[in-house]
Amino acid sequence: MIKLRRKTTDLAAVEGRRISLDGIMTALAFALLLVVVVIPISMIVYHAFLYKGKFSLDLIIDQFTRDTTISAMWNTIKIAVLVTVFGTIVGVFYAWLLGRTNIPGKKLMRFLFTIPYMFPPFLGAMAWDLLLNGRAGYLNRWLMKTFGLKSAPLNINSIWGIVFVELSYYFPFVFMQVVSALERMDPTLEESARIAGARQGTVIRKITLPLVTPAISAGALLILISSLAHFGVPAILGFAQGIFTLPTRIYAVIARSGGSFEGIRQGAALSILLVLVVSIALWIQRRVLSSGGYDIIKGKSMRPTLINLRGARIPLFILALTNLVVIVLVPLIMIFLVGLVRAYGLPLVPANFTLANYKRIFAASGTIESIKNSLILSISAGVISMLLGTLVAYVVQKIKPKGTALLEIMSVLPYSIPGMVLAVGVILAWSGSLGINLYNTLWIILIAYVARYLSFSMKTSSAALLQVHPSLEEAARTCGATHTETLRDITLPLIRPAMISGFFLIFLPAMREVTTSVLLYGPYTRTLGVQIYALRDAGMMPQASALGSVAIVLIIVINSIVNALNKDRRGV
Amino acid sequence: MPYVRFENISFAYGEKQVLKNFSLSLEKNEIMCLVGPSGCGKTTLVRCLLGLNRPAEGEIFVGDTCVFSSKRRINVPPERRGIGIVFQDYAVWPHLTVKENIAYPLRKRGLSKDEIQRRVESVLELVSMRDYINHLPNQLSGGQQQRVAIARALMTSDDLIVMDEPITNLDAKLREQMLFEIRQLQRNLGTTIFYITHDQKAALHLGDQIAIMDPHGGLVQVGSDEDFILRPKNRFVFEFIGVTNFLTLKPVNSSYSLDVGSQLIPWPEKLPDVLKNGRAIDVGVRPNDIVFDASSPIRGIVRRSVFLGSEYEYFVQLGDKELRVQLGTLEAAQSGHVKEGSEVGLRFLNPHYYEAVREEAWK
Chain U
0 MIKLRRKTTD LAAVEGRRIS LDGIMTALAF ALLLVVVVIP ISMIVYHAFL YKGKFSLDLI
60 IDQFTRDTTI SAMWNTIKIA VLVTVFGTIV GVFYAWLLGR TNIPGKKLMR FLFTIPYMFP
120 PFLGAMAWDL LLNGRAGYLN RWLMKTFGLK SAPLNINSIW GIVFVELSYY FPFVFMQVVS
180 ALERMDPTLE ESARIAGARQ GTVIRKITLP LVTPAISAGA LLILISSLAH FGVPAILGFA
240 QGIFTLPTRI YAVIARSGGS FEGIRQGAAL SILLVLVVSI ALWIQRRVLS SGGYDIIKGK
300 SMRPTLINLR GARIPLFILA LTNLVVIVLV PLIMIFLVGL VRAYGLPLVP ANFTLANYKR
360 IFAASGTIES IKNSLILSIS AGVISMLLGT LVAYVVQKIK PKGTALLEIM SVLPYSIPGM
420 VLAVGVILAW SGSLGINLYN TLWIILIAYV ARYLSFSMKT SSAALLQVHP SLEEAARTCG
480 ATHTETLRDI TLPLIRPAMI SGFFLIFLPA MREVTTSVLL YGPYTRTLGV QIYALRDAGM
540 MPQASALGSV AIVLIIVINS IVNALNKDRR GV
Chain D
0 MPYVRFENIS FAYGEKQVLK NFSLSLEKNE IMCLVGPSGC GKTTLVRCLL GLNRPAEGEI
60 FVGDTCVFSS KRRINVPPER RGIGIVFQDY AVWPHLTVKE NIAYPLRKRG LSKDEIQRRV
120 ESVLELVSMR DYINHLPNQL SGGQQQRVAI ARALMTSDDL IVMDEPITNL DAKLREQMLF
180 EIRQLQRNLG TTIFYITHDQ KAALHLGDQI AIMDPHGGLV QVGSDEDFIL RPKNRFVFEF
240 IGVTNFLTLK PVNSSYSLDV GSQLIPWPEK LPDVLKNGRA IDVGVRPNDI VFDASSPIRG
300 IVRRSVFLGS EYEYFVQLGD KELRVQLGTL EAAQSGHVKE GSEVGLRFLN PHYYEAVREE
360 AWK
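Protein chains in written order, with numbering that gives the first Met the number 0: chain U, 0 to 571; chain D, 0 to 362.
Okay, chain D solo, but in the shape it has when bound (with noise of 0.2 Å):
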């Protein structure tokens, strides 16, 4: 039985509808990364969850209790759900130092002052920002501050915590340090982390389950890392998921041939057979997916070469197309370093085949 269950939920502002019959369930103790371009409704659904926004129709389930329902009009108030929230903001009362921040939720629960003082320092110790306690936010680093709206969300709730673009505001490094840790805290605690992120890199490196929403507010995909790597269920998906070369191919006779503007190079791969219909197909190939071939028909040019350390990015041009093709290192040392200008031969190793969206490429 899932955790929290959002069922048939729409949601409108004003005119535009946001989201529609939108259901998703969170397993418990586990992180649920919810990923979309933005603007897509993650944010709106997450107000929802927290009881921020109303929802026209649908229900919400935390554990066994409804928090929300239209048919029942059932409708808790947001101070009774329960649930943690850490916004991309912080939200820290600038007014309150660290401790009355996140003593907040507990006093409103009305526990002991001694109780208070002793999970106040158990969780500071626990983000790491014990020396911080009297600290006003004004005096704390934004990833401080990151840190105490964590620390208030974990006092609100030990089960489910909300977090919304939680690192988008901290520097690239920060961001990186604060997933390892957030994944870290959540393997302690076992709290259920709902996650939302334009992200997608984030949502990989955090997320036991991951869900993408398209940008008209559609659940597309559920699944877990190498599902959306590997199994990329649509074009969006695909494109949202990582760096993509897009091609054309374009029916010739009865095969299909790849469209470099100056030239047609019959396609040596297998086509899937439901696209074999007599129009154009785009061809979707991850940088790491082209590996360099001698023997191959297709030929580019290096026109440009990247060390990055562990691997280097190549950018080929092939007829009026430009590729990007990555090679690991050590692959790079094997095969033997290709220089700028030299041709190359192409092959793809696991092209996603859609169908074609352009369609002035064949006249």
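Next comes chain U alone, as it looks inside the complex (with noise of 0.2 Å):
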């Protein structure tokens, strides 16, 4: 027989009532989602329909039939369903585009599609604000003089202005959805139709186009609910000119109020009414995506034959290469040159180029504290929300206690609610109400990063927990490991590349957060979002836009870093 080097054999065989380390961790993901989901959530719907204990209805049925309301609602629903459209043809388009023919540049292109990932959209606003906005954008000017016009051609302070800039962000959802899908095909489905004698075109519209739709749309439904949500372009883009959507009502309703409670009560009714025009999407989405899939769609990789573009290969890489440089590189060129230039309408030659704006900003104290302060909530929510997804996820996939749904709803609902609702939830949760004050504290921040991103890590450590087949951690259990030994030893290395590239799936985001953090923030709080806003809205543009070109290579660089760490480990 085997020694045992425990002492305790005949003890623990015996079994008893003891407290697991399964029932630990259920109870610790119980209490964590409460805390940082639940209750700012539930804050929310108390605050909007009761008013000193009692229920009413009057603070909802007066901002729901406000104008301001109504037009917001309708600037979101609009611009939503636009970006949507948009996005989409664009998205397949691109998709179809490199995932089936033989364009060249491929690489290159795919290169420029990352890009948008570490360059936050209020900075993209801010630049086609410098290029194509009505009175000053450098472009209108050059098109004014060169064209003798009167006024400016192009407005980009428009809802179409708003739609054209998310565009640009969110049309690569729907590209990677197709074009992984478009990897995945049997190509001899296709190859079939070709044989059985069908033309090109007839095989790409009766064979390709209804076999990817389940990914079009599952990338579609991301746009549309994406946008319904989102706060920086419309707030930078929108707020000159009156346009408003809902998140900037909210923000606006608050700021307007100075804090106040009641403008806090206010965007939490406001909020309600984002959360029922978001949860229609989602509802959508799950009708969708519940009634879609194919199964001829594999998971292995393999080769699709290319189309040949003959005649028109050239020009369709001409057209979609300057497609994404207009879309993907010039705002970016523009932030770093507007950063360069002396005085904000002055021509971007080399002679009006100084170092002045980053000499100012680096002497003002608030911009190293706001840089420290989010490296500082980045890496913090990004380690928290890396651990307590993963504790959610294994709770979820292998645990699987009683109420592993609401687990796992609690764990993803943050992730439909937009940010600016999640924001009024933690700041009506935690600042005195329930007995704890972390206003202008960076703990109010970290938590509501948390609950934003919580679902992020939550879904890769539980694709990599679903990877780890429970062989694995029966295999070191027979082998003499505790149940504690085979999470260190063998679970948690598994799923460490998922973990780590979970915590960078919270850390990039969350070093350019603006959407919570503009409600957030303290005098001592700022963020580096919110410094590059305030920057902004003070009329400063090339040093907010130094600040922001500081923002963008302190995320490429990071992220770099961590990939050349984040190699995988090789044998002999």
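Some hints here could point you the wrong way.
Output of the computed footprint for chain D on chain U, the stretches with three or more beta carbons under 8 Å from beta carbons of chain D [to be verified]:
| id | stretch |
| --- | --- |
| 1 | 467-477 |
| 2 | 484-498 |
Here are the simulated DSS-like cross-link-like pairs (lysine-lysine), alpha carbons at most 30 Å apart as the crow flies [stated by the list, open to error]:
| id | chain 1 | residue 1 | chain 2 | residue 2 |
| --- | --- | --- | --- | --- |
| 3 | D | Lys232 | D | Lys269 |
| 4 | D | Lys320 | D | Lys200 |
| 5 | U | Lys458 | U | Lys397 |
| 6 | D | Lys249 | D | Lys232 |
| 7 | D | Lys249 | D | Lys27 |
| 8 | U | Lys358 | U | Lys399 |
| 9 | D | Lys338 | D | Lys275 |
| 10 | D | Lys107 | D | Lys27 |
| 11 | U | Lys358 | U | Lys371 |
| 12 | D | Lys19 | U | Lys399 |
| 13 | U | Lys397 | D | Lys19 |
| 14 | D | Lys232 | D | Lys19 |
| 15 | D | Lys98 | D | Lys112 |
| 16 | U | Lys401 | U | Lys358 |
| 17 | D | Lys98 | U | Lys397 |
| 18 | D | Lys232 | D | Lys27 |
| 19 | D | Lys269 | D | Lys320 |
| 20 | D | Lys249 | D | Lys320 |
| 21 | U | Lys399 | D | Lys107 |
| 22 | U | Lys397 | D | Lys107 |
| 23 | U | Lys401 | D | Lys19 |
| 24 | D | Lys70 | U | Lys397 |
| 25 | D | Lys15 | U | Lys397 |
| 26 | D | Lys70 | D | Lys27 |
| 27 | D | Lys98 | D | Lys172 |
| 28 | D | Lys320 | D | Lys338 |
| 29 | D | Lys70 | D | Lys15 |
| 30 | D | Lys19 | D | Lys200 |
| 31 | D | Lys232 | D | Lys275 |
| 32 | U | Lys401 | D | Lys15 |
| 33 | D | Lys19 | D | Lys70 |
| 34 | U | Lys106 | U | Lys205 |
| 35 | U | Lys399 | D | Lys15 |
| 36 | U | Lys458 | U | Lys105 |
| 37 | D | Lys275 | U | Lys399 |
| 38 | U | Lys401 | D | Lys70 |
Just so you know, these hints were derived from the structure itself, not from any lab.
We treat Cβ as the ideally placed atom computed from N, Cα and C, and that holds for glycine.
With the hints as a guide, bring the two chains together.
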């Protein structure tokens, strides 16, 4: 027989009431989600419907019937629908081009697609504002001068402007979904149609398109939901012209009231409306996604036959690349250039370039402070969400206690709740009404970040845990490892890459976050995003751009460091 | 005294009762093969032995130790049972090298570094994987990963190893080789092996003892390979263990006749008395128990003949039935090769009689 080094063999062999590790983890997951997710959301509902402890619909009715609310709602829906329609068209076009044709420069284009992930949308909006602002935009002025026009030909401060900028950030959603579906599709399906006598065009229409329809609708709905909740772009482009969406209206109501309780209550009421709108979109998403899906799309990757574009190859390449460059590179370059210019409006020529903007922003105490705050917040939110998300994922995937479904809903809930709404809930919950006042501290922002990004890491960890076959853990148990040791030696190392990528899925957006922080920051807790937003709000365009450039460089540097560190381990 | 004992194990997944009062014993230093169709509860039984499932009722002993008892509320956790396991999907940890995989159970037992190194090297020698000591699993083939899994199981225990469909994921040639190696390894080490499979061939190759389970989780027969082939306990075992031809006997007056659809041929062989109750009888014959005999009144037509090297396989049409007949090459050479399309007489050497399952065959 094997000698065991533990002394308590007999004792532990007898069953008794012990608190198991699984039990502790389950309880912890529920408790943390309660604090981070359930309390803020219930506070919104509570304050929207109860006034001084009594149920009342007055606030809701008052807010919902205002013209400003109704126009904000229509704007929100209009923008989201337009972005979804055009984003889907652009996304599918690029997916087909890169996934199924012999167009050159695929690698270059794929690289360009990754840039929007590092480039915050509100910075993009800022850049386009600098270019196409109705009064002083660089491009507008150049067009007016060149063609002798009286008024600006293009105005980015419009619904269409907002749609355009959001579009350039959201079309990759559809692109990613569709290109991966195209890559996983069994090429024999198309080949057999060709052999059966169908022409290229017919194959695309009758075979390819229907097969990737589920992927298209999944991506499109992702755009719809993201755009409905989006704050940054309409805030930058819309405020000046009085164009409000629901998220920006909530912000305006609260900011105008100076953070008074009445303002926050109104914000809570509007939040309910926004959640309602988003819920309808989510409901549609659920309906569509559950009905779709073909098994013909295989998990393993196959090499599809590429369509020869022949004569259209070069023109299509030029069109696609120009379009991508305009959408992706122009705003980036614009931010860097304006960050160097002596004063906003001066021509962008080397003679006008200076580093004074950088000197000025770094001389101001707020800047360093905001970078520090953002780093602290993103790293800690990343780490906490990563651990908590993995914990929840483990409980959901492996322990499966009673109430698993509830747990899962609780953790994904904040993802479907717009950031602005979440911020309102966090204010209501953690600024004293429950006996804890975290307002004006980093903690309140941290809670909001964790709630907002938890589902990211939960999803990646969940997917990774599903890959860890139970027999791997069971083999460890039979090899003499306890439950805890199995977790430490086997499970965690196996999902570590997913946890790290989960961290980055949180760290990067948190680094450039503006939607929740803009409501939650205090005098000493400005984040990088808020600082840029504030500089721009104060009309200091070059300084805002300079800080924006700093933010982008920071994100790129950190991203590449970790990518380098996170290489796969190799054997001999 | 048997080495491993399952006593009256009952187990249910929710509403579905998988095992009911299941008892089985394993002798020390033998290979016990547990065979049964997919979903009959073999794996559940193994998981109960390993401590990964908790039976509702029953007791399990390994040697003198009771590792599970519902009555005495004993449930030794899996890590303290010290039973080696080889899973169907290898379960070799992909993030650890071959050496780290194999050393893991030793580390958990707190052995010294030198001792671990020595034992890892010797076990790798045993499974001929010495050259791969620092490889990661994704650099190994399926068969090599399976060897690592076996080596790891040997490090967990020299006494008892459970193998749950260990070779199912390998290709046919490799399967045969692994079976041979497992047999060889067991002979050298004397380890008791509990081998789970749905493949009766593997069981016949490997098992000192074979236990067969029916689809409902019941134990049907325990015995040696000869017992199963020559004395199958019931129709399920008979059908499960190899290729079978089934024919129907119909009661005609006081005797029985072979019903081949178009005609009735009087059955020449003796029937067991218990079945002579006026109802139809199914008769099962193995392909190699049918011989060609020109004098037999049972006449069929050879539709197809396949030469397999060591034997001929014939497909013989008998009325509306098709029979598979196997003839050793030597035999075939002696009696002369039968051409496709020719008529043959058939004699059944070792028929097994069972109560008919399909009543509609006679009306």
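Structure-based check of all given hints:
no.	hint	verdict
1	467-477	holds (count 8)
2	484-498	holds (count 5)
3	Lys232/D with Lys269/D	holds, 19 Å
4	Lys320/D with Lys200/D	holds, 27 Å
5	Lys458/U with Lys397/U	holds, 14 Å
6	Lys249/D with Lys232/D	holds, 23 Å
7	Lys249/D with Lys27/D	violated, 48 Å
8	Lys358/U with Lys399/U	violated, 55 Å
9	Lys338/D with Lys275/D	violated, 38 Å
10	Lys107/D with Lys27/D	holds, 26 Å
11	Lys358/U with Lys371/U	holds, 17 Å
12	Lys19/D with Lys399/U	holds, 26 Å
13	Lys397/U with Lys19/D	holds, 27 Å
14	Lys232/D with Lys19/D	holds, 20 Å
15	Lys98/D with Lys112/D	holds, 12 Å
16	Lys401/U with Lys358/U	violated, 58 Å
17	Lys98/D with Lys397/U	holds, 28 Å
18	Lys232/D with Lys27/D	holds, 25 Å
19	Lys269/D with Lys320/D	holds, 22 Å
20	Lys249/D with Lys320/D	holds, 15 Å
21	Lys399/U with Lys107/D	holds, 28 Å
22	Lys397/U with Lys107/D	holds, 23 Å
23	Lys401/U with Lys19/D	holds, 27 Å
24	Lys70/D with Lys397/U	holds, 29 Å
25	Lys15/D with Lys397/U	holds, 21 Å
26	Lys70/D with Lys27/D	holds, 26 Å
27	Lys98/D with Lys172/D	holds, 27 Å
28	Lys320/D with Lys338/D	holds, 19 Å
29	Lys70/D with Lys15/D	holds, 22 Å
30	Lys19/D with Lys200/D	holds, 27 Å
31	Lys232/D with Lys275/D	holds, 19 Å
32	Lys401/U with Lys15/D	holds, 20 Å
33	Lys19/D with Lys70/D	holds, 16 Å
34	Lys106/U with Lys205/U	holds, 29 Å
35	Lys399/U with Lys15/D	holds, 19 Å
36	Lys458/U with Lys105/U	holds, 29 Å
37	Lys275/D with Lys399/U	violated, 56 Å
38	Lys401/U with Lys70/D	holds, 27 Å
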